[in-house]
Structure formats: structure tokens, C-alpha cells
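When the sequence shown is numbered by full-length UniProt numbering, its final residue is 194 and no position is left out of the sequence of numbers.
Simulated from the structure, these hints should not be mistaken for laboratory data. You may find that some hints are simply not true.
Below are the DSSO-like pairs computed for lysine-lysine, each with C-alpha atoms no more than 27 Å apart in a straight line [stated by the list, open to error]: (1) Lys80 with Lys150; (2) Lys170 with Lys102; (3) Lys26 with Lys80; (4) Lys87 with Lys170; (5) Lys80 with Lys25; (6) Lys102 with Lys87; (7) Lys78 with Lys102; (8) Lys93 with Lys26; (9) Lys25 with Lys150; (10) Lys26 with Lys102; (11) Lys170 with Lys150.
Simulated DEER-style distance windows between Cβ atoms [unchecked claim]: (12) Lys93 with Phe52: 31 to 41 Å; (13) Met152 with Ser129: 55 to 65 Å; (14) Val166 with Arg59: 38 to 48 Å; (15) Pro44 with Ser129: 33 to 43 Å; (16) Lys93 with Ser19: 23 to 33 Å; (17) Met128 with Ala91: 26 to 36 Å; (18) Tyr162 with Val17: 48 to 58 Å; (19) Ser19 with Met128: 53 to 63 Å; (20) Lys93 with Met152: 21 to 31 Å; (21) Arg163 with Asn73: 46 to 56 Å; (22) Pro184 with Met161: 35 to 45 Å; (23) Gly61 with Ala91: 35 to 45 Å.
Please read all numbers here as calculations on a predicted model, not as lab measurements. We put the beta carbon where it would ideally sit given N, CA and C, even for glycine.
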Amino acid sequence: MCPRERLRREDTLGMTVTSGSVTIKKDANNLIGISIGGGAPLCPCLYIVQIFDNTAAARDGTLQSGDELVSVNGQSVKGKTKVEVAKMIQATKDEVCINYNKLHADPQQGKTLDIVLKKMKHRLVENMSSSTADALGLSRAILCNDTLVKKMQELQDTELMYRGLVDHCKRVLQVRNVILQNIPNEKRANHIQV
């Protein structure tokens, strides 16, 4: 049985790593509802790429995309492939104990850091084969559906629209001022009174 409390916290270059354990009961298909990325031979760590909706892992709510997998039922996953780790999870009956690490950024800089990292992932995937991207858990489908990147694009589009409106208003006011300067004083007084 895994204790649910956090085991340790350490500070690394402004980022905090929180380690913990969670026991998840499996569904009727012997699954917990996670997608795993990384692993040997291309990546030194294994991590959760996705938590599927309406699954045991989603209902539990402890694990999140990006969490590093440290061990399964007390057995280290270091140096293993994602297929080997999936088999370790499937080999247990009823429930599985997973030790994990969560990386936390400063909340003030977290959004910026997250978006920068996601943009970097997009650039990486564009320049690698799909099999390598899949091995690292960086498949195009997952990145293209990323809600933060979509939201960032919406915000950038909104910013451009408002910048355009502000520029247009400035030009309208400049033209108005030019017109007012060219109207003789007596006519200007009449225009202002109307």
C-alpha cells in the first residue's frame, strides 16, 4: 500500500520537485488510464504524457501530465522502456502503486515557462521523425491538441485585434485634429456648438 502524502521536497534552480506515491485501483480492462512517454534508449526518464478522461487515474486526480514516473510497486523504472513500464503496471492485479515526481515552477513565471516549453516541444517535433517523437511522448496529435498553446494563440489574436483598434482610433483622432486646425475660427465655433 502506498502512502498518499508527499515524501520530500527539494529546490532546484528555482524549480521545486515534489515526490509522492499514489495507489490507483484498475478498471475492468486492467488499465489505469495513462499514456507514458520517454524512457530508454532515447530519454533518461519516463513521464506521463496524458491522463485519459473517465479513467481510474483521472478520477483519482493525483497524477498529471508531465509527472515523472519513479517506480511501479516499489520497483524502479530507471533505464526501462515505456513498454516495459506499461507491462509492469499491467502485471499487477486490482491496484498499482506509483511513485512520482512533480516539477513546480514559480506561479509568477509558471505560465510563461509552460508556454515557452510547449513552443519548444513544437519546434522539436517539427524536426524529428514521428517514431522518435512517439518514443519521447511528443507526438504531433498531443501537441496540436494542447489547450494552453491554443489559448495562447487566442490571446495573441485578441491582442492584435485590440492593437489594430487602438491604432485606428489614433489615426481617426489625428485626422480630426488636422480637420479642426484647417477650419476657420468662426466656423469652428459653429461646429463645436452643434
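Hints and how they fare:
1. Lys80 with Lys150: violated (33 Å)
2. Lys170 with Lys102: Answer violated: Lys170 to Lys102 is near 48 Å, above 27 Å.
3. Lys26 with Lys80: holds (22 Å)
4. Lys87 with Lys170: Outside the cut-off at roughly 64 Å; violated.
5. Lys80 with Lys25: Distance of about 23 Å is within 27 Å: holds.
6. Lys102 with Lys87: holds (23 Å)
7. Lys78 with Lys102: Cα-Cα ~16 Å, so holds.
8. Lys93 with Lys26: The hint holds at about 8 Å.
9. Lys25 with Lys150: Given pair Lys25, Lys150 is violated - Cα atoms ~33 Å apart, limit 27 Å.
10. Lys26 with Lys102: With a Cα-Cα distance of about 22 Å, the restraint between Lys26 and Lys102 holds, given a limit of 27 Å.
11. Lys170 with Lys150: violated (30 Å)
12. Lys93 with Phe52: 31 to 41 Å: violated (21 Å)
13. Met152 with Ser129: 55 to 65 Å: violated (27 Å)
14. Val166 with Arg59: 38 to 48 Å: Since the Cβ atoms of Val166 and Arg59 sit about 47 Å apart, the hinted range of 38 to 48 Å holds.
15. Pro44 with Ser129: 33 to 43 Å: violated (20 Å)
16. Lys93 with Ser19: 23 to 33 Å: Between Lys93 and Ser19, where Cβ atoms are some 26 Å apart, the hint holds.
17. Met128 with Ala91: 26 to 36 Å: holds (31 Å)
18. Tyr162 with Val17: 48 to 58 Å: violated (39 Å)
19. Ser19 with Met128: 53 to 63 Å: violated (30 Å)
20. Lys93 with Met152: 21 to 31 Å: violated (43 Å)
21. Arg163 with Asn73: 46 to 56 Å: Once the Cβ atoms are compared, 55 Å apart, the range 46 to 56 Å for Asn73 and Arg163 holds.
22. Pro184 with Met161: 35 to 45 Å: holds (39 Å)
23. Gly61 with Ala91: 35 to 45 Å: violated (24 Å)
Checked against the numbered hints given earlier, this structure breaks hints 1, 2, 4, 9, 11, 12, 13, 15, 18, 19, 20, 23; the rest are met.
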